[in-house]
Every structure is written in C-alpha cells, then in structure tokens.
Amino acid sequence: MRPIHRVVLVVCLFAVVAMFLAHSAMAHAILLESSPSINSIVAGPNIPIRLRFNVRIDATRSRLTLVKPDASTQSLAITKDGPLDALASQAQGLPPGEYRIRWQVLASDGHITRGEIPFQVTQP
Amino acid sequence: MARLLQIFGFLSVLFRGGTLSFESLTIGGIVFLNFVACSRNPQSEVINQACLRWIRRAALALAVTQLAYILASTLILMQSASMTLADVSGANFVLAGVLAIASALTIAALAGAGSSKGYPVMLVPALLILLSSVMTSHAMARLEYRFPLAVVTALHQGATATWLGGLFYLLIAIPRSPESRFTRQLIARFSKLALLSVAVLAAAGFTLGFAYVGSLDAIYGTSYGIMVATKTVLFGTLLLLGALNFQIARSPSGGAVIASLKRFGEAEIGIGITVILTAASLTSLPPAVDLRTDRVSTQEIVARLAPQPPRLASPSIQDLPEDIYAAEVIAFDAGTLSSASFVPGQAGTRPNTPAEKSWSEYNHHWAGLIVLSIGLLAFLAQTKHFPRARNWPLLFLGLSVFLFFRSDPETWPLGPNGFWVTLQDPEVLLHRIFALLVIALAVFEWRVQTGRVATERARLIFPALVAGASALLLAHSHSLGNIKEEVLAELSHAPLAVLGVLAGWSRWLELRLPAENKVRDSMAWLWPSCLLLIGLLLLNYREM
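Chains X and L, in that order, are what the protein sequence lines are. Count along the first sequence from 1, then add 332; that gives the number in the working numbering. Count along the second sequence from 1, then add 10; that gives the number in the working numbering.
Okay, chain L solo, but in the shape it has when bound:
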C-alpha cells in the first residue's frame, strides 16, 4: 500500500491520459460511424466492420483504465483516510467511473453485435461517457458558474473527440473504400463535421480559458496559463494541418491527393494526442484564476530570458547536497514546505541550492551545444553538398554519455550511491532508460541517414521518438502552488516542447508525404531549423 501511495500521482495521470485518449477514440468512432460512414451501400460494410472493431477495442480499453483509476483512488482513500469501501463508494469520482465503465461495456457489446441498427443506439452511451468525464472535470468543482462551465466542457471534449477521434477512423476507412468516388464522399462529409467541431472546440476553449485563466498576466505568470498557451499553439498547428487537408480535399482527385490526406491526418492525430495529454496534465494544475499571489512578472521573465554567455564550467560535485532526493524528503518532513498543497506520493519541492542551479545550467548548455551541432549538420546534410554531415545522429551518442554521467550526480558513477541502489529509485531508473533510448535513437537514425536501413517504418522511429520525448517536457513540472522558479522553468521548457513536437512531425511528413506534394520540401527544412532553435534555447536556459 505504501508503494501504491508513492506512485499514486504517476498512476493518476497515466489513467487520466488513457481515459481521455480512449474516450476520444470511442466517441469519435461512434460519431464517424453514424454521420460520416452512414452509407447503406453494401460495399461500405467493410469500412463499418473495421470501425466497429476499433470502437470495441477503444471502449474496452476505456473501461479498463477507468476501473484501474477507481481502484487506485479507492485504495488510497481507504488507506489514508481510514474509510470503508462503503464510505468511498458514494464519492463522485466512483459514480462517474462506474457510469463510464457501464457505458463503455455497452458500446463494446453493441459494436461486437455488429448490427447496423445498433449504430444510432451507441450515441446514448457515448453521451453518458462524455457526462462521466465532465463529472470529474474542473467545472464540477467550481464554486461559481458550475453548470454553464460543465456544458462548455462537454462541448469542448465532444468536439475534440469528433475531430481527432473521427480522423483516426477516416484513416481506417480510406484504404478500405471500394471506389474513389466513395472515398471523396467520405472525406467531404468528414470535412464538414471537422469544420463544425473545430469551431465549437475553439469557442468552448476560449470560454474555458477566459473562466480559468482570467487575465493576460495569468497566461505568462502561472503554470496553468503557460500550459494553456502551449495547448493553444499546438491547436494552431493542428488548424494549419487541418487547413492543408481541407484544401487537398477540395482539389481534383488522385492517388497523391489521398496519400497526402492520410499523411497529414497521421500528423494531426499525433499532435492531437499530444494536445489531449497536455489537457490531462492541465487537470493536475489549479486554475490560474485561483492563484492571485506570487505570479511571475514580465520584468522577472525578461531578466531570466535575456541572453547571457553559456556556463561551460561545472561546479564541483562536492558543492551539491549528498542525496538530492533524500534532501527533498527531509525538507518536507522538517515542515519547511508544509504549507504546500500536494498529491499523495509527491515529494516536497525544495528550493535548489546555487550549486545545483549551476550544475543544471551547465548540463543544459552543453546539451544545447550538442543539439545545435546536430541541427547544423542535419541542415548541411539536407543540402546534399556535404555527404559526411549525414553522420549527425552519432552526436546523440555524446548526448547519451553526457546524460548518463550528469543527470544524477549523487549516484554511480559520480556519486556515492552504488549502481544497483540507483535502479531502485524510479526517477534515476527513468534517466538511465532515457540514456539507453538516446543510444538506440542514435544508432537507428544513423543507419537510416547512411542508407543502412531501407524500411520505411524503421525511418519513422526517429520522428516518433522526438515528438514523444518533446511531449514529455509539457508535463515536466507541476507545482500546485505558484512557485515562481517552477513557473519560470516551465516558461523555458514549453517552447522547447513545441519545437520538438514540430521537429518530430515535420520529419515524419518529409518521410511520408508523396514526392508530388510541395509541402514535403518545406518540411525537409523545418525539422533541422527546429533542432537549431532548440539548441539555441538550451544554450540560454537559466535557473537564476
């Protein structure tokens, strides 16, 4: 139980992210089935059956993640608040979860039956899933405007599911379409639905932003505001891709047109999942309107972001606390941070010492130099005039070694904690896995760049990992209070994350778009440019 308490924060977000993603896939699939693939044409039966299979899978996955979330939260409450199962069972989150599970299982059963008469019936449990999700949203806990905010939240989530979830089913339907005329009908119907969804999504998002952020200074002055701004930028990227798709859908038919549509759709789904995960992590933050004190000012931001020479000399390891994680726990137990609100299992946040800040800046600046070099070489390689520049992925090996030595100075090989002991600390273990992943990334992409791997799927590993790892940064730090240092750190990390997502998906599109599509050429230059900018931003990263 103590172990469960320790990882509760991690589990909660894991389940929330899963729930939102599977909810979008389930609801999006049902809407697609009813309003896009609604043809009675017997040839469309193949499409319907494929959609039903995926709706069933998504609904079952939704039921499993909801059940896991209820179980984890129930166990935590029973253990930490000495409650009985009967006490917990009446809680709002349990009722919402049971509603979602029952609805998801109903959808799975209806989808399994496969009868077309069941398609409209599935809309009812889909609406109930939406209702259950709203029951555990920010809106339900607000003191004012609770009902209107709940309605707007439902519209926001429903529109997201219709657009991004539906797009997933469009990509399933296109290759199974019996003829090109039918394909174009599908695309045209989905385009109209997507346009409507985007309009509702934007209007609802603006309303929620106004209600939860409230003012301009809260956008840059609080963690919540920064995350909302990041989500808005990613939404803008999605809109751009959607506009490209819309333009293609209206152009004369052809194989390249359909191929382009599918490739843009893949990127849209990928960025869309990033936005959904960002939304999941947003629910971990108190709305900006509730944090009125200690916001970061423009003067503080300017002072922090003003360009300065990089720190290329490291502080001595003896200047660092012996065990950073133990120091955090001691600080919390001592009560120095006892005013902070925190989630069970979350360690107390301790202000870093100047030596720790210097250590971190040194790490970021050298990593920045390596990434800047990678970007420059990748740029040169794209010109085709410098064949040796294609070896740029090998520089990731240097980054891996650097991370291995520097990320956890209190552990082996630099610190006193032995190798096996380090593997018991989840955070250190994750850093070690990350270092190994970077090695895998380097080897894979080097083989791709130098022509040693020809399969297309292997070439997609690099962009997928870059986009995924960049999404990691969006949830890197979440202070429940308004801890200025954490807000400033997020202000630095958010642009890095957005650039990383852009780099990953632009490389993906370069590889996947047909040669006839001119956007492909722009994408070929966009991702090295993003890497260059990431390197420059890392070089100016500061913690003091």
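One chain only, chain X, in its complex shape:
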C-alpha cells in the first residue's frame, strides 16, 4: 500500500469514527417529576422544591439554582439525607413573578445532566 493511500485510509476512518460519535451524548439521569411542576402556578412566598429522577443521584455534587424574574440567580441549598433519587430544597420569600429552577445532577454512574423548570409564583 502506498503511503498516500495509507494516510487517506487512516484519515477517512478517523473522520467516520469521529462523526459516528459526534451526535451522541452520555447521560441518562432524567427528571421524572418535580414540585413545582413544569409551567405550574404556585402560591408564594415560600416554595418547597423537590425533583425526582430515574436513577440514584450524587446529591453532594449536584446543584439547584433559582433564576429570578430579573434574571439574577440564587444558589439553593440541597437538603441532606433525602431519597437517593431526589433533590429537595426550599425557596424563601419569593415575590410574584416568573421563575426558573435550573438543575444540574451528577448521577451515581458519573454522568452529568441539566435542565430547567419554569414556574410562576402568585400572591398567597
């Protein structure tokens, strides 16, 4: 085999393998249910938060962030000793408006996933 042929073969195979992998992503922790639920309307000002996933979660290496109506963010403390597949927290003193909970979890098998839960807070 001529060197140029070998180079073409190697480059072609590498590109094919790279393309094979390019569209993939490795993770499988998905949100099964949440409180507040997606696009729900809840009465403020104190909102208990609970997210349940399909797999075990490494809670100490997972994060919950509240995105406020003015787009500012607040990190939410995750309750310790919760169920293995859930994250729980509490958002205090929320005035009415559109909010989002941004979550990022590390599953027990080492895979990272993210997502957002939009919800609306009204007067109590």
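Note that these hints are calculated values from the structure, not bench results. Idealized CB from N, CA, C, for every residue including glycine. A portion of the hints provided could be inaccurate.
Which stretches of chain X does chain L cover? Using the computed rule of at least three CB atoms under 8 Å from a CB of chain L, they are [stated by the list, open to error]: (1) 361-370; (2) 388-399; (3) 429-439.
Label pairs and their calculated CB-CB ranges [unchecked claim]: (4) Asp304(L) <-> Leu416(X): 33 to 39 Å; (5) Ala403(X) <-> Asp304(L): 29 to 35 Å; (6) Asp413(X) <-> Ala313(L): 47 to 53 Å; (7) Asp304(L) <-> Asp413(X): 29 to 35 Å; (8) Arg382(X) <-> Leu137(L): 39 to 45 Å.
Using the hints provided, position chain L relative to the given structure of chain X.
Showing chain L alone in chain X's frame:
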C-alpha cells in the same frame, strides 16, 4: 472552558467508546494468553510476545482514554457547579477511573516485563478493570436490583471482551503459529472459549434487556428499545459468522480453511466494534423502563412507514428558518424546551417546521434515488454482462454535490452565512468533510472497479468506509426524553445502519475470502442487494 462545555457531549462518548474498545482488547488479550495460547511449547513464544505487545498497547490506550475522561468531567463539574478539585475527587466516576488507570498501567508493566510467570497475575488487574467499568454502568445508578444487575453487567462485558477481544489475538496468533497442528489446537481452544462466552453474553444480554426495556411496546416505542433491538440484530449477524467459523474450524485442515477463518474473524471484529460502539451510545440513553409516557404506538409507526410517493420537489429556501442552529439555541433560551433533560453542551431540540421536514424528506428521497441507481448498477456489474455498469461509483460524485448544496441550507452557497463562517460550526464542518469523503470514496472505488487500482488494501477502503459510515447512523440522534419524532427517525435510521454494516462487511468478505469458499459467491450478491434496499428505504423516509 466554555469551548470544553460545548463539546463535552462529544468528548464523553468519544472516551466511552474508546474505553470499552480498549477494555475489550486488554481483557480479551489476557484471557487469550492464559487460556488459549497457554502452551509451554517454546515455539509458541513468538505468539506470546506478539500478544503481550498488543496487550501493552491496549492497556496504555485504555489508561489514556480513562484519564482524558476524568479530566474532562472534572473540569466540567468544577466550572459548572463551582466545586473544588477536592470536592470532585471523591465522585464515583473518579474512583472508578483511577482504579481503571492503575490496573491498566499494572498490566502494561507486567506485559512489558514479558515473563510467563506474570500471565496469570494479569488476570487480577483485568478483573479490576471490569469492576471499574461496571461502577460507571447503568446498573450502579439503579434504585432496585442494583447488585444483581452489576454482576450481570460484569458477565456481559467480560464475555464480550473474551470473545471479540480474544478473536483479535487469535488473528494475531494464526500467522505466527509454528505448525498447522498447533494452529488447529489454538483454534479449537478458542472455539470452546468463544462458545461459552457467547452463551454467557446472550444470557446476560437477555437479562439486562428484560430489566432495562421491560416490555414489548418499549422495544419499538422508545429510542433505548430500538437501539437494543439493533444491537440484537447485529449480535445475530455475529453469531452467524461465528457459526461459519466454528464449522470451518471442525473441517479438515488446509490453507484455504485457515484463510477463511481469518477473513470471517476480521468481519466479526469489525461488526463487534460496531456493537461495542452501539453499547457506548446506549449508555447515553435513559433505560426504556424509565420512560413510560409518550411512547410511539404501532399505529403511529404504521402511519409513518406506509409507502408513499417520494417527494421530488423541494420547498423554497425562503420557507426555512434563517439559521437553524441559532433557532435551536433561541428556542432553548426562551424556555420552550426547558423541561428537557440534557447534557452540558447539547443544544435544545426544537420541533422542525413543516418546511424543514419537507426539505429533509426531499434530501432523503433524492439520495435514495441515487443509492438505488448505485445498487442496480452494482448488481448488473456483478453479472459480468454489463461492463459499463462497473462505473457505478461515479454516481457517488452526484451524491456528494447534492449533499454539499442541500445539507446546510443556511450556509454558503445557498444561504446567507459565508464560506469561512460555516467552517466555524462543527456540524457544518463535519458535513463538508463528509461530502469530501464521498468524493474520495467515489474516486477510489471507481479506480478499483475499473481495474486501475490493483492493491488489495486500496480495494478495502470502500467496504471499510461503508461499514464505518453506517455505524454513524446508530448514534445519529439521542433524545434523553421520549421525543416521538426522534424515536420515529431512529426507527427509520436503524434498518439503514444495519443494511449498511451488512453491505460493508459482505463486500469485505467478497474481496478477502479465498476463491474456494462458497460463501464468497453469496457475499458478492449480498452487498448490492443491501444497497438496493437502502435506496428503497431512503425513498420511503418521512418526517411527517
């Protein structure tokens, strides 16, 4: 760091695929060395040394891919979750990765020492590598039956490594065997081990399938189920090749027999790597049992797959969103898809507009016409009665031009985005490279078909590329949620991928099998038939 976040999904699967492949090669080599090439015959020393060299290479490659995976995931966690290195270092994936790296380096050192006393010792770090792999499998994150599933996963991966990894070492050993009697002993020992591995692999696979898929409607109704079904079909193909090999191994000895064995072994390894990569992409999907809502029904599948005339008229380019990728990002930022679970760096999935679906169907249908023509001409060329039909690879040039113009309508030459700007988008760049690859494929295979290239290795480029590109389709789309359109798209892509893998490896076998082997004649007709079927399936591809 932002760049790393953007390509994190890509890197994760790259490393996972690499890890599983090198793990199979490392463990398979150690098992082969201990249980197949275990002869004390001094003449077998050449075989042992060759195996040790490859075990060392595979172990070092495994250590490098594991290290890269740990580094990428650690950086992502530190950046995205404001963690310190100390916080991340206790994570399960770090512990598993460190265990794999330490074990792989131990194997590399033992293999480098080359002493036969070290062969059984290598089984210990091999088992630890298996353990580290199980630590980051689906089983470890399950809420129920965690331990039994971990054991079954270990058996599944161990059997895969023994069979497919071991086969690689058998192909290394055969040409180095000092005499034919010794070769037959090697083959006989490996056949027994392979049979046992296949039995364990199938039993463990069935158990895992039952645990993670759970029901018949989940097989066709979810992405995970479709991928498991595809993996099963490819496994069936491997079994067929294995059976052919087993039959050959029991027939009287001869040069053609050994040559056939090696050629079937090459195809088995190639399809085996495709299965391993499919398994790597399976880990990117949530198990089907976890997705109980929005599964695709049989009625929806029948409605989508019912034959209809192809769409040969394109929608206007003005009907498409100005920038498809920007539209996806805007859709995600706007929160319309905020309920979706996604991997860092993965763009939000936005439902396609009717014009985009029509555009895509038109692309698939014209590509189908070209591939159907290629299949027909290749079929005619095989009859030897139509010499001009041998020019069929030139039709790939038309496919390349078509892809170049149609794959990214928002970019040059059809769209407003300039040529250099397009090269900054990884997806567009990949499409451009793919178009160039198709040109290279066309020229190479045309020269082969018309007798302008005589070397055998050059003739293998076409089948290798067809098989490799078909494997691409198996990981084309991975929705973490149960997005029906994506599941239906995967239902269309999976048969195309399987047919492509069959076309590639049957052409490979046609070229590589000795003339005495009658299977060669069947292979000569199988690959044009696969191309014909691919063309027909593309012609009926639909997105609405």
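Hints, verified against the model:
Residue count for the segment 361-370 of chain X with a Cβ under 8 Å from a Cβ of chain L: 5. That meets the three needed, and the coverage hint holds. Judged by the Cβ-Cβ criterion of 8 Å, the segment 388-399 of chain X is covered by chain L as claimed, because 6 of its residues qualify and three suffice. With 4 residues having a beta carbon nearer than 8 Å to a beta carbon of chain L, the segment 429-439 of chain X meets the requirement of three or more and the stated coverage holds. The hint said 33 to 39 Å for the Cβ distance between Asp304(L) and Leu416(X), and at roughly 26 Å that hint is violated.
Taking the beta carbon of each, Ala403(X) and Asp304(L) are about 31 Å apart, inside 29 to 35 Å as hinted. Remark: the range hint 47 to 53 Å for Asp413(X) to Ala313(L) is upheld by a beta-carbon distance near 49 Å. For Asp304(L) and Asp413(X), the hinted distance range of 29 to 35 Å is satisfied, since their beta carbons lie about 33 Å from each other. Between Arg382(X) and Leu137(L) the CB atoms are about 40 Å apart, so this pair conforms to the stated range of 39 to 45 Å.
In summary, the structure is inconsistent with hint 4 from the numbered list given earlier, while agreeing with all the others.
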